[in-house]
Amino acid sequence: YSNYSAAIHTYIPAGIYAVNITGHLTGWQFNDWGDDKLKLVEISQWGTVNLGNAGRYFRGCSNLHLTATDALDLTGTTYLAQAFQGCTNLGSIGNMNGWDVSSVTLMNSMFCDASAFNQAIGDWDLSSVTDMTYMFFGAAAFNKSIGDWYVSRVTTMYMMFREASAFDQDIGGWDVSKITDMYMMFSYASAFNQDIGGWDVSNVNFMNKMFEGVTLSTTNYNALLQGWAQLALQSGVSFHAGNSQYSLGGDAATARQYIIDTFGWAITDGGADVVAPTWVQIPQDQTIGSAEAFIYDINATDNDAISHYWLNDTSLFQIDDYTGLITNSTALPDGTTYYLEVFVNDTSGNAISAAFSIEICDGTAPVWTIMPSDQVLNEEESLNYHVSATDNVAIHSYWLNDTSIFVIDPTGLIINTTFLTIGKYYLEVFVNDTSGNVISAAFSIRVWEIISPVWTTIPADQILIEGESLNYHVSATDNVGIDCYWLDDTVTFQIDGTGIFLLWLNDTNMFQIDADGVITNRTTLVVGVYYLTIYVNDTSGNEISVDISIEVQDAPTEDEPTDDEPTDDEPTDDEGNNPGIPGYSLVVILGGCISLITSLTRKISRKGKN
Numbered sequence: 031y032s033n034y035s036a037a038i039h040t041y042i043p044a045g046i047y048a049v050n051i052t053g054h055l056t057g058w059q060f061n062d063w064g065d066d067k068l069k070l071v072e073i074s075q076w077g078t079v080n081l082g083n084a085g086r087y088f089r090g091c092s093n094l095h096l097t098a099t100d101a102l103d104l105t106g107t108t109y110l111a112q113a114f115q116g117c118t119n120l121g122s123i124g125n126m127n128g129w130d131v132s133s134v135t136l137m138n139s140m141f142c143d144a145s146a147f148n149q150a151i152g153d154w155d156l157s158s159v160t161d162m163t164y165m166f167f168g169a170a171a172f173n174k175s176i177g178d179w180y181v182s183r184v185t186t187m188y189m190m191f192r193e194a195s196a197f198d199q200d201i202g203g204w205d206v207s208k209i210t211d212m213y214m215m216f217s218y219a220s221a222f223n224q225d226i227g228g229w230d231v232s233n234v235n236f237m238n239k240m241f242e243g244v245t246l247s248t249t250n251y252n253a254l255l256q257g258w259a260q261l262a263l264q265s266g267v268s269f270h271a272g273n274s275q276y277s278l279g280g281d282a283a284t285a286r287q288y289i290i291d292t293f294g295w296a297i298t299d300g301g302a303d304v305v306a307p308t309w310v311q312i313p314q315d316q317t318i319g320s321a322e323a324f325i326y327d328i329n330a331t332d333n334d335a336i337s338h339y340w341l342n343d344t345s346l347f348q349i350d351d352y353t354g355l356i357t358n359s360t361a362l363p364d365g366t367t368y369y370l371e372v373f374v375n376d377t378s379g380n381a382i383s384a385a386f387s388i389e390i391c392d393g394t395a396p397v398w399t400i401m402p403s404d405q406v407l408n409e410e411e412s413l414n415y416h417v418s419a420t421d422n423v424a425i426h427s428y429w430l431n432d433t434s435i436f437v438i439d440p441t442g443l444i445i446n447t448t449f450l451t452i453g454k455y456y457l458e459v460f461v462n463d464t465s466g467n468v469i470s471a472a473f474s475i476r477v478w479e480i481i482s483p484v485w486t487t488i489p490a491d492q493i494l495i496e497g498e499s500l501n502y503h504v505s506a507t508d509n510v511g512i513d514c515y516w517l518d519d520t521v522t523f524q525i526d527g528t529g530i531f532l533l534w535l536n537d538t539n540m541f542q543i544d545a546d547g548v549i550t551n552r553t554t555l556v557v558g559v560y561y562l563t564i565y566v567n568d569t570s571g572n573e574i575s576v577d578i579s580i581e582v583q584d585a586p587t588e589d590e591p592t593d594d595e596p597t598d599d600e601p602t603d604d605e606g607n608n609p610g611i612p613g614y615s616l617v618v619i620l621g622g623c624i625s626l627i628t629s630l631t632r633k634i635s636r637k638g639k640n
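Taken in order, the sequence shown gives residues 31 to 640; the numbers are from my numbering.
Calculated from the structure, these hints are not laboratory results. All residues carry an ideal CB built from backbone N, CA and C; glycine is no exception. Warning: the hint list may mix true and false statements.
Stated by the list, open to error - Okay, the calculated beta carbon distance ranges per label pair:
no., residue 1, residue 2, range
1, S157, A262, 50 to 60 Å
2, T360, K454, 32 to 42 Å
3, L443, E581, 51 to 61 Å
4, K454, S345, 52 to 62 Å
5, H39, G266, 25 to 35 Å
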């Protein structure tokens, strides 16, 4: 204390030293004197020390870190004024919340300019405190809950939270009924935005610059005006509400005017809030699929606060009043478009709206009534081909991939717009429904000419000697081209793509054929007459035919038996007659073609009979 001489300790070299104090110590204070206050860097344990009752104990100790976890003994201490003023490194470590401050009466400037201080002190018993002037002035980091403090004996909160720029705790439940001075109480406490409309400020005479540099939300300022208008206020008070705005034309505006008219208050504030909300993103038209739930989140911001959202039509849709989330409340049929208008207002009643549509697109594609198929036309014939599709909602349109020669009308009728020359055309037809689902099908259109092929040389009858192979060449010409030659019976004959047909070995027990196509007989070759019908088709399907015969004659012998007598080597039946040659029927197709059809009968050969 000042009634004791200062104790000065000088240490060389620099380091950490333990200092023992003996005798009866009743307290001390640095009081921001000299340079020694900067030498105190930490208090790690309080022990049994007592601060005394002089105040300003650690004032100016800007290097002090308070890490002690044991409780400071405040027995006999009623004065904590300026106790930690200017302790800029005090921080948030320690256990101040456990201190018993129930006997303390003065806390003015206790944490003034303790810019880093942010310890929990919400459990303090302040039932004896009367003065909180400057208590957190400049305590820029402080933002701990102190809403449960009992401050009913406090008479002044002059500049209590001035420049406590982080503080924004709910203190609306404080009993401030004995306070007379709130001058600059929250001046430049820029984060503060709480509802103190429940405060009993009926004894306050000074509110000059109370909220200077502060903006309460319109909601909280409305509550302040409406709450305080219910009180018997002091007359002639100058109240500064900072930049806070009230709702125009509502109860708050009425309350404000009542306070001015009835109690003669001079109120400085931001005036009426006439700024409407703004959309975070303007609502846009929406499209969803069949059976899909509609979920659309819209958001708006406001200089104060959003009050609620609503829709013009809630028969099918609903909106969360506070979040702006729109959902459907019932099933939405496919292929339908709905139109909604959404509204939002702020706490001042300023409103905006936006209209948008919701289209329900089905995901089911159309279906062809009959799948489009390849078409064949004769030369000079026009195309008249109708395709159609059905859909669960509605067909929108048909179209083609190529409209240079063909067109399609809205009903699906396809026609040619120019003369169709002989050849093959390829089209793809598309159809979509009103929801944009598309299907397609590809098909061809073949135009045939109608002129038949012509034989180069009309096929003629052929005669072979028994044991001789057939090697006969037929050919035809056509204005567009021969497709191929074929035989409709290849059991006995075959024909190649050039029109050459050969005896085909369906029985290798009697015949054999070599790699050059030479057919030889393994046993005696039978004799007979083969009747052939030869067909040829061109690439348009036009057909011609001709009949020929192929006779296989007996090989001549030097001593040929008479017709009436069988030879020794001829087979006979039970009556001694030659049973004859079996009959054959052969159709030879020259294919695509030439078709060689042969009707074959065995010539009955007996002596004296034909």
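**OP:** Using the beta carbons of K454 and S345, state whether their distance is inside 52 to 62 Å or not.
**Re:** Holds - the Cβ-Cβ distance for K454 and S345, about 58 Å, lies within 52 to 62 Å.
Subject >> Range agreement (Cβ of G266 with Cβ of H39, hint 25 to 35 Å) >> reply: violated (57 Å)
Original post:
T360 and K454, beta-carbon distance inside 32 to 42 Å?
Top reply: Cβ of T360 to Cβ of K454: about 54 Å, so the range 32 to 42 Å is violated.
Subject >> Whether the CB-CB distance between S157 and A262 falls inside 50 to 60 Å >> reply: For S157 and A262 the Cβ distance comes to about 26 Å; the hint is violated.
Original post:
Regarding L443 and E581, is the given constraint of 51 to 61 Å on their beta-carbon distance met?
Top reply: holds (59 Å)
This entry does not satisfy hints 1, 2 and 5, going by the numbered hints stated previously.
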